[in-house]
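Engineer: The lines below spell out each chain.
2 protein chains.
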Amino acid sequence: MKLREVKPEIRVLGIDDGHYGPEDDRTLVVGVVMRGGQWIDGVMSTEVTVDGLDVTDRIAEMVNRSKHRPQLRVILTDGITFAGFNVLDIKKLHEETGLPVISVIKRRPDVASVVSALSNLDRTEERRKIVLRAGPVHSVKTRRDEPPVYFQCAGVEPDVAKVVLKRTATRHRLPEPIRVAHFIATGVTKGESSSDA
Amino acid sequence: MKLREVKPEIRVLGIDDGHYGPEDDRTLVVGVVMRGGQWIDGVMSTEVTVDGLDVTDRIAEMVNRSKHRPQLRVILTDGITFAGFNVLDIKKLHEETGLPVISVIKRRPDVASVVSALSNLDRTEERRKIVLRAGPVHSVKTRRDEPPVYFQCAGVEPDVAKVVLKRTATRHRLPEPIRVAHFIATGVTKGESSSDA
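If you're matching them up, the sequences are chains G and L in order.
To convert a position in the first sequence, counted from 1, into my numbering, add 60.
To convert a position in the second sequence, counted from 1, into my numbering, add 60.
Just so you know, the hints here were simulated from the structure itself, not pulled from any lab data.
None of the values given here were measured: they were computed from a predicted structure.
Misleading hints may appear alongside valid ones.
All copies of an identical chain are treated as equivalent in the list; a pair is satisfied when it fits inside any one copy or across any two copies.
Claimed, not checked - Dumping the calculated DSS-like pairs for lysine-lysine here, alpha-carbon to alpha-carbon at most 27 angstroms: (1) K250 to K226; (2) K226 to K189; (3) K226 to K67; (4) K250 to K152.
Work out the full structure, taking the sequences as your base and the hints as a guide.
Structural biologist: Written as structure tokens, this is what we have:
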């Protein structure tokens with residue numbers, strides 16, 4: 061589906077992962093359905109392997125089985141690394157769900173150092189390709205007088221992605237659906253949410 | 061603390077429990093901090109025993125250890141039975157946290173049938189006393205043209221509780237913090253939230 065129009069009440073899925081300890085081999089991933097960065101319509105969840113390579117498939121399954129799928133217009137994720145170095149393939153997630161995917165972070169990502177860190181893991185080359193396939197890093201000022209956020213996107217033009225990010229940055233420069241997903245994932249896995257996505 | 065004034069941005073903690081299966085002896089309980097039934101400020105969680113009697117202590121601990129505790133003004137819970145027949149003592153929760161507690165449900169509770177169901181469990185008399193100690197059931201119409209909700213309260217006058225319930229019923233006749241806690245608790249324990257609190 062092509063995203064042409066960004067309505068104020070656009071249904072967005074925000075995704076973030078939970079905390080894990082040294083003894084955990086899996087962690088929680090939470091998706092929050094919000095309308096225009098304001099109202100919560102639902103929550104979904106899945107689990108992914110720490111330092112595994114299953115995050116793309118697990119999120120695609122979670123989205124495609126959801127009763128909210130028909131209403132969803134775009135997926136926002138907190139970066140592309142989940143549960144350690146379980147790297148999300150945003151192009152594949154877009155292809156498997158039919159939805160535009162925008163991966164957002166607060167600081168400009170240091171792609172070179174991420175790629176370098178991957179050499180300590182198995183399937184290095186596969187992970188490296190996923191990181192590079194996420195494409196160029198763009199930036200947008202979502203709120204006046206605050207620093208920009210940085211993003212990579214698949215299935216949506218960067219200029220349209222910028223409108224989505226501005227519209228959903230209702231309380232903070234990060235999109236509210238990502239902030240709420242972060243609150244939930246850390247609140248459930250740690251007992252209390254940490255404040256920073 | 062006495063609740064005298066109900067500001068539009070009042071910080072409310074909404075609490076609900078998650079799903080559990082026949083093989084589970086514990087389930088998740090989620091607390092969501094919201095401002096005036098609109099913005100989410102944080103998420104906290106704990107676990108309680110299915111058909112146990114620990115829900116009051118677990119929720120009191122969760123609230124008292126929270127960094128949000130100083131800002132909280134009132135606790136809203138989805139009824140008084142959690143995880144089967146783990147009954148919440150709202151008077152004790154009020155005493156242990158110093159916060160007013162309002163327990164809300166959509167249908168008028170049938171106290172007699174709850175008390176009767178308790179006879180199948182251990183510590184029947186203790187559970188029965190907790191159920192009766194929750195006090196009289198009040199009702200309030202929180203939204204025009206919708207049925208009322210029913211509530212019991214501790215540490216707050218029923219007339220003040222009614223104002224809190226009206227102010228936080230921002231999207232549904234049930235308070236939004238309880239609806240969101242329900243979405244999170246069922247979304248995390250079942251993979252997707254069910255729509256009804």
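Engineer: Each hint: holds or not?
Structural biologist: For each hint, the structure was consulted:
1. For the homomeric pair K250 and K226, neither the shortest alpha-carbon distance inside one copy (30 angstroms) nor that between copies (32 angstroms) is at most 27 angstroms.
2. Neither within a single protomer nor between protomers do K226 and K189 lie at most 27 angstroms apart by alpha-carbon distance, with minima of 30 angstroms and 53 angstroms respectively.
3. Taking the closest pair of Cα atoms, K226 and K67 come within 27 angstroms of each other only inside a single copy of the chain (12 angstroms); across copies the shortest separation is 29 angstroms, beyond that limit.
4. Proximity of K250 to K152 under the C-alpha cut-off of 27 angstroms is restricted to the inter-copy arrangement: shortest distance 26 angstroms between copies versus 30 angstroms within a copy.
Of the numbered hints stated above, those contradicted by the structure are hints 1, 2, listed in ascending order.
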